[in-house]
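Student: So you can see what is in the structure, the chains are spelled out below.
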Amino acid sequence: MGILEVKNVGKRFGGLQALSDVNLSVRENSVHAIIGPNGAGKSTLLNCLVGKLIPDTGSVMFDGQSVLGRQPYEINQMGISRVFQTPEIFGDLSVLENMMIPCLAKRDGSFELNAIASVMRQTDILETAEKMLLEMNMADKRHMNAASLSRGDKRRLEIGMCLSQEPRLLLLDEPTAGMARADTNNTIDLLKQISDERNITIAIIEHDMHVVFSLANRITVLAQGKPLVEDDPQNIRGNPKVREAYLGESA
Amino acid sequence: MFGLNKKDTSLLLIVIVLTLFAPFILNPFPTGSGLAQFNAGYPDLMQRFAIFGIFAVGFNILFGLTGYLSFGHAAFLGVGSYSAVWMFKLLSMNVLPAIILSVIIAGLFALVIGYISLRRSGIYFSILTLAFAQMSFSLAYSVLTPITNGETGLQLTLDDPRVLGVTSTADGSIPVTNLFGIEMRSTYNLAVGPWDFQFNMGYYLCALVLIAAFYLSIRIFRSPFGMMLRAVKSNQQRMNYTGLNSKPYTLAAFVISGMYAGLAGGLMASMDPLAGAERMQWTASGEVVLMTILGGAGTLIGPVLGAGFIKYFENIFSKINDNILHSWFSFMPDGLEDFVVFLVHPFIGKGWHLTLGILFMLVVVFLPGGLVEGGQRIAGWVRGKKKPDAHQSETNPAE
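The listed protein sequences derive, respectively, from chains A and B. Its first residue numbered 1, the first sequence is counted upward by one per residue in UniProt numbering. Its first residue numbered 1, the second sequence is counted upward by one per residue in UniProt numbering.
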């Protein structure tokens, strides 16, 4: 029984069957990659997991609880954090403030009318945020406006914001898309370190085979909205069905 | 001090000094001198400075922090005024219960309008609030005449019950508004040489409320709640995926700023106990938007400056007429004098809107952060720097 269990999920957009009968089991503390060619339904699947879309059929269970019909913020409060393809951060706020917001969300829940206390006197929040900034190697940038960070730093900040909530499942949507090779390798190292040092499950949607095979210890291949195989990386490499559907084009 | 950091404390002190010494600051020219018409230190106008300052400070909590542009905030001001006048009619002429009721009623009203309008964002939100405000205006003007007294406006009469007060005074006139017996209209005149300084009770009540309102807004800006409101403006998507529900945050900001507007409306009625539907009209809603942007949306002191600036223009610039212009330019040769007066004429008197409009455009184009940014640039030049580097995050310019 995995921490995330997707059963028979189907989603139709008008005439397009984006997902049909998708089954997926993400084991606790694994790094699970979901790969597939363009249009395979990877992003649709991800959106079904985080509450942006509601599937037509099937069930999505996280830690024994259904996530279906819940709002994204509720699903986050259950312990799922999401990293976007293009970093989504609070551009107008400072790096430190960016880091404090998820900590506040973790401590105070989805809404708290805390309008009189000074935010800079929330010592517990400041401490967690500063610690995470150190861990992400961004402590010297704490007073910078987040919008002025480089692409790589924005990605680190976003990952740090997600981690500061101590989620049980971290979802990453093509985290290295559009990155230079050096930045990609840095991100791989960072994610490796996170998965080694923390008690966390990572599910990653990725295009880049280099990233997938450097990180994942379990892979699901999607093609045309259906799961093709779910197996360990070494078996995926040699699987003829996968080669045909996906690797065949690029290999 | 007061739980604020050094910078915010000095801002608060500036506002305290400006408001408490306003009768001196706004009266720099001796009475009778040619420049006396630029004096703004008379009770009526000073009260308006403070009241619209409160209105704009509250509006800034919504617009400056969350970026939601409400075009219907005058409705809450109007509702506050009506509530206060009803309190004067039914309960007593004490302003305290009247002001409390106006804040509560405006808050409830804002809760309903906000709940519906906040289902949309951006331009649709603005249009919804505008529609609600115009509906309120029309209702107050016609349908709800039993409550609002229609186009005449709600006034006090000699046969109002006033259960805790008196229906009419001993000499048969309508009693005046007071705070536990201190009349709002009572004014102490201090004559120093050619100067005449007026200290009005009503103004000082408004000033104290403004200081309290400003202090509260600093606390809100610097609180976790304030940070969440800035997060709403910055990236709602990230907020939702960070486990935060942005809707109650924006609604709370909307209600708080509605209550500020109600407070302003209640004070307005306390200074002059009547309320008319025109207070709810869209021009009044637009005015507070102008004040906030002109002063600097999202800054703490900007709205107060903007409110003072616009009210000064409205009341002082509009009183300059051609005769005054002729006297200013009388040193010029005849033909030239007429020509200059002809040139300046469209910008003064009834044309003050034109001057204000031009100034507004200049500010928006060259000083997107409003008067506050202008002040920072000047301070920067004085210190010999090119750009002010003082905490950019605390003074987010309007976008």
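Just to be clear, a hint being listed does not mean it is correct.
Unchecked claim - For lysine to aspartate or glutamate, the following EDC-like pairs were computed, each having C-alpha atoms within a straight-line distance of at most 20 angstroms:
(1) B:233 x A:63
(2) A:154 x A:124
(3) B:247 x A:88
(4) A:106 x A:63
(5) B:247 x A:108
(6) B:350 x B:373
(7) A:52 x A:5
(8) B:7 x B:322
(9) A:52 x A:88
(10) B:233 x A:112
(11) B:247 x A:74
(12) B:247 x A:5
Worth flagging that the hints you see were computed from the coordinates, not collected in a lab.
Student: Against this structure, judge whether each hint is valid.
Tutor: Hints and how they fare:
no.: 1; hint: B:233 x A:63; verdict: violated, 33 angstroms
no.: 2; hint: A:154 x A:124; verdict: violated, 24 angstroms
no.: 3; hint: B:247 x A:88; verdict: holds, 19 angstroms
no.: 4; hint: A:106 x A:63; verdict: holds, 18 angstroms
no.: 5; hint: B:247 x A:108; verdict: holds, 16 angstroms
no.: 6; hint: B:350 x B:373; verdict: violated, 29 angstroms
no.: 7; hint: A:52 x A:5; verdict: holds, 18 angstroms
no.: 8; hint: B:7 x B:322; verdict: violated, 45 angstroms
no.: 9; hint: A:52 x A:88; verdict: holds, 15 angstroms
no.: 10; hint: B:233 x A:112; verdict: holds, 17 angstroms
no.: 11; hint: B:247 x A:74; verdict: holds, 13 angstroms
no.: 12; hint: B:247 x A:5; verdict: violated, 30 angstroms
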